Each structure stands twice: as structure tokens, then as C-alpha cells.
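A.B. asks: Spelled out, the chains give:
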Amino acid sequence: MLCRTANELFWMSRHIERAENMARMLDVTYRMSLLPYEVVEPGLAWAEPWSVPLVTSGLATEYYERFAELSAQNVLRFLILDATNPSSIFCCLRAARESARSVRGAITSEMYEDLNSAWLEIRRVDFARVEADGVSEFLDWVKMRSHLFRGVTFGTMLRDEAYHFIRLGTHLERADNTARILDVKYHTLLPSAADVGGAVDYYQWGALLRSVSGFESYRKIYSDVITPRRVAELLILREDMPRSLHACMNFIHETLERICDPSTREVERSAGELHAKLHYGKTDDIIRFGLHEYLVDFLARISTLGNDISRHFLVPSY
Amino acid sequence: MLTAAGLARSHYLPFSGWLEKTPPARIAQKRDEAERAFHRVGITFAVYGEDGGTERLIPFDIVPRIIPADEWKLLERGLRQRVQALNLFLHDIYHEQAILKAGRLPAERVLNNAQFRPEMRGMDVPGGIYAHIAGVDVVRAGEGEYYVLEDNLRVPSGVSYMLENRKMMMRLFPELFATQSIRPVQHYPDLLLENLRTVAPSGEELPTVAVLTPGAHNSAYYEHAFLAQQMGVELVEGQDLFVQNETVYMRTTRGPQRVHVLYRRVDDDFLDPRAFRTDSMIGVPGLFAAYRAGRVTLANAIGTGVADDKSIYPYVGEMIRFYLAEEPVLNNVPTYLCHRAEDRAYVLEHLPELVVKETHGAGGYGMLVGPASTAAERETFRARILAHPDQYIAQPTLALSTCPTFVESGLAPRHIDLRPYVLSGKTVDLVPGGLTRVALREGSLVVNSSQGGGTKDTWVLAG
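Protein chains in written order, with the numbering used here: chain A, 1 to 318; chain B, 1001 to 1463.
Hints are not guaranteed to be accurate.
To be verified - Rough simulated footprint, nothing fancy, chain A against chain B, three-plus residues with beta-carbon under 8 Å:
#, segment
1, 1167-1174
2, 1224-1235
3, 1251-1261
Since the hints were derived computationally from the structure, they do not count as laboratory data.
Please read these numbers as outputs of a predicted model, since none were measured by experiment.
Positions of the beta carbon are idealized from the N, C-alpha and C atoms, including for glycine.
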């Protein structure tokens, strides 16, 4: 297939996944902000719950260029509907729809119609309405539209190269975003050191699990209290958990095996290496290495893999 | 639709009977449904001159235009004859120029025409076909005879609306199709692909066809994508192609892949910055050299614009007589060429009755409809004609046929035209139907979508 087409499809699915995960990130922040916390050092803005989505998505600088104060309302405005912030949910959906429009022959008409109607809907939403209807209501809508699009894709599309590049985009983005969401806990301070393992800690981990649809799975698997060690295991190493890093790397590696030929074997090899690290990884090692450090390292590797895919398939230099 | 006595013509009777029996509320609901569906499917076009990224719907009217079997038979015969003659003409003027030597057409009208491409002289194209896809605009007027208004031989558009309108009508009113014999048009993309394959460079068993588009911001982008998808071929932009050793390749995820036939929806001028406009950002450097070497087929060929130019139009009848030794089946509208002194004098004297068009104009831009014009508009055109007489032609205002159409006040007659699509490859083919455009403003004769025109489904009845 055309490189340009593959590139647009890859980014179409990345942007939809990004919109969904932005909604998840805001969801966990919103839930955590409802829990009690104390300002440890006044003026230490990054310690506030609403700074967390800005820090983990790397948008703090852009935010403070536009807003003087950190407030729930400003952060939500900035990350949900801001047409000038390329990472806002609005811009992600717009970019996804633009990509789909420019290669609409490569996807099924059901897929295009579904994405187009999501776009037509969000275009009519203003912030006052989001607040009036409830933030969670809107975030649920975003997640639902993403599920719907994935379902339409799964149910209508030929399993050809176009499909593989869509899958590749989805899982690469999801791996990146799950790692960032998991890292949220690192940035969220507890009222005091004595609270580690206490009630607030427990609720924060619970909120994080819920935001990646992992709360019920956690209960099913462990039937026990929530511990950071198990949350890390669930979201990093368990391959039966669809948003875990391991599950994402399974998809990515498997897809690259299908689309790589001898000239692009190197991309498959480096994906395989990252996959093996998760496949044979141990929770104890991750905890010993430091969860935050582990996630930072993973984010760097997944970003390199994305660049390699781009160079070999999407934007070739010949 | 109505006879002179104001009665519905007989082939409209089943439909008007159905319309009378159907509650207005249901019709209104269906019209709503159609609009929502067109929006969701994204059948939009961009409007030039409006803010960037403007996407608009072309208004769709649910009352079909119906053509009886015998009328279509005549139309079809006339269209085949016309397009055949036009292809022979194009081959001739880029080779022997017999028609010019015989004095049947003034040589300077062809050779000095801005659309004549000297680069094409002496070059052979597969099958001698230049206009692979022709969109011929016809109207029914006067006593019911058909007139050709314009032969569109460059990159005629609109066929996707023909197909989508039919799909919409079948979805909204399946009962109408169940009770009448309406000939299908949905196989057009198959016919197109088949035709394009037959004109591939010789020796290609399984030629690769692609649709070349200027990109997502082009007003007809929806159609380009639609046709590529329906034919199951790649939709490419200039940046997706490159030329090496006079061979055209696409950049694919598995490396370069050769292309044999390009159904190009890019104008001649922008195809190749090395051969034509050097500032073209949407072209493919080296494409023309590959074309001249016979390594790729362009559909339509380069240089077809000289045959659909409005100043050449009056001679199409002569072409039919010259190349086919037949009398034209379809009428031409009498045309006054303003560069002729006596024609010009007549035109300037009769401006309020005439339609004045620019010879190179398209899309309904730059035209004067005499009966609807103001004195000031006529004065502007008088000055323009006097300054550049060779850029203008004029035609009498035809009493165009009308078709009932939903407007704000309810059903009212509105003027319509018809654009059937004629495909030429090894054979000449067309599907029974075309795009019916309707002028939505009362009394207006301008049906172009850029001027507020709408479209209708076109039903050709089985005989």
C-alpha cells in the first residue's frame, strides 16, 4: 500500500487512541482530586492533582503560557476542547478525521461514517455544556466513541496491510499512554509519608486502576487488597490485560512480523527485543529498578520504535 | 415533466400517483433523512473563494428525473457518435490535421487555441483514445428535442453524485423501484476500470491502474476517493509517485511499485512541473517524458481541452460528418462566435435574449444570462466582448425542460440539465443515466453546484 496511506492510517488510529487515553487520564485526575489531600508546601504547583495530567503528557509549559493559574476548569478547558492545543481531545478527533478523510478509500465506509459523526458531534460541544452535563459524562462519551470506532474497524475491515497499520498505531499509542497513566501515581503526592499504604494511597491506586478499566480485572485476578506491586504487575506484565504494556507489545510484535520483509527486518527485531523484556520480565526486578525509572525507560524505547516504523514504512527517503 | 397542456407526461404518471398518495409528513421525514445521511457519509464539495476548508452539501432533490426508453435510445446513439467523432478529431489534429487541410474547420481556431498542446503532436496514444471519460451536458428544450450544451473532455466530474443519488433513492423509497423498471447504473465503476485496463501500454497483462488527485482540498476530492475505492485501486497524489527511467512508480510500504494507467483528475497544466507549469506542487516531475515514451497511459490524454473549447463546439457537427460520414443525431445549440464581425454585431444587439459565455470558462462562472440580467451587467459584458471578442460566444436562451422540485413553498417546476458519462476504451460504453442537475432558484437556467444548483436521481426506464 502507499506509504502516505499507511502513514495517515497509523496516525488516524494513534489520534483516536490518544483522545481515549486523554479522557482516561482526566478521569483518574478527576477521581483523585475528589480525595482529601493537603498542600504540603504552598506554591508547589506540581504537587496539585490537576498538574498531573499536564506533567505526564508533557504539556505543562504550553499550559502556563496560556493560563496563569492552575485550576480544574482551566486544565479541563485546555485538554478537552482547546482547538489550539494539538493534544486536546478535540484536536485529536479532528486530526483523526482529517487523516481518515484523506485516505477514506482505504477504510470501510462504516468506519468513515462513524468517525465523521463523532467529529460532527464534538464540533457542537462547548465547555459550558461539558460542565453542565458533568465532566465524567463527556469523558465517557469520548471513551465510548473510541470503543465504537475500534469495534467498527474490527467488524468491517479486511485484514489487509491497512488494517495492520491501524492496529500498529493503536497499540503503540496505547503502550505509551498506559505507561504515562501508570506514572501518574509517582507524581501524585500523599498527604504525608505515614500515609503510604493508608486509605488515601489505597483510593489513589483504585482510581488509577479504574481509569484503565482495570479495577474489576484486579479483583478477579487477585481477590485481595490493592498493592502497588500488583498494580504494576497487572498493567505492565500481564498479557491477558488488554491495556498492559505486555499485551500492547504482543500486538505490535505480531503485526510487525506480518508486515516486515527482509529489508525491514531490523524494525521487527527491535520490537521483539522490547517484547522479550516484558515477556520474560519479573515484577520484583521492576520494583527494585524503580517503577518510575522503569516507565521512563520504556517510554524512550517505545518512542524509538515509533520513529523506526516511520522511517522504514511511512515516510521513506527514496 | 409537464406537457404543453400542463399535464404530467405519461412516464411520470406512476411517480406522481405515488407522490399524491404519500403523506407530506413522510416525504418531509425522508428529505430530512437524506440530508443527514449525505452529511454523515461526507458527500461534500469544497467551494472555491469561500473560507478554507468549507465543505458543503449539494442539495439533493427527491423527485427523480425520468427518461423514457425511446428517448434514451436516441440519446445513447447520439452520445456514442459524438464522442467517437471527438476522439477521431483529437487524433487527427495531433497527427495529419486532415480536417484542417480540408478546410472544414478554420485552422487558426485549433492551432492558436490555448488548449492545443503542441507537445502532443505526432505522439500515439493507445487505441487512439484521448477522451476516455467524457461528460456531455445535454438539455431537453423546445418541442422535446435534446441539445448538447457542452462536451466536457478534460476531467469531467459529478459521476459520484449519479451513483450516490441512486443509492439514496433506493434506500429512501425502495417501493418505487419494486413497482417500476428502472435501469441500474451502479456498475459504472466496473465499466470504468475495464475501460482503463484496455488502454494500458501494450504488453501489460495485469496493468496497475491508479486515480491521481490534487489532494483532499480539491473540490471534487470526495469523488476521486469514491471512484478509487469503488474500483479497488490506489488513490494517489503527486507526492506518492516518482519517475525513474521513464517509468512511473508509487511509493509503497513494500518499496516502489509500477503504475501503468493513471486516471488523472489533475489539469494538464499541473501534471508535470518539468513539462508544464514549473510552479506545480501537485505534479510528478518526469511524468510527461514517461507518457511520451508510452510507458504510462493518462486518462484523459493531455490536450483534450482543445476539443471541448466553446469556440470549437460549433464545429462538432462538422466533425461527425467529416470522420463518420453520418448526420449528427443530437442537436447543437446555435452559437454566435464573437470574433466574427457579423456574429458580434448580432450578439451586441440582442444581449437581453442571449446567454453569453467565456470560451474557456467553466462551472457557470463568467456568464451572462440575458433575460435575467440587469442593464449594468449587460454593459459590463458589452465592454468585455468588445475588448476580447475571441473569448466570448453567445447562444439563444433555450426553453429548457423543467422537473418538479421541492423548494420552500412546496413543489415547483425548476430547470434541469443532464450529464451522461461516456467511456471510451476498446469499446464505447455508457450506463443508462447520468447526473441531473437542477437550478433551484425560480426561473434560473444555471444548474452548476457552485452557483447554488442541486441534483436529482435520473431514471432511465426499461423499454
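A.B. asks: With reference to the structure, classify each hint as holding or not holding.
C.D. replies: Status of each hint after checking the structure:
1. 1167-1174: Coverage by chain A is violated here, the residue count being 0 at a Cβ distance below 8 Å.
2. 1224-1235: Our answer is that it holds, as 6 residues pass the Cβ test (under 8 Å) against chain A, meeting three.
3. 1251-1261: holds (count 6)
Consistency note: the structure conflicts with earlier hint 1 alone.
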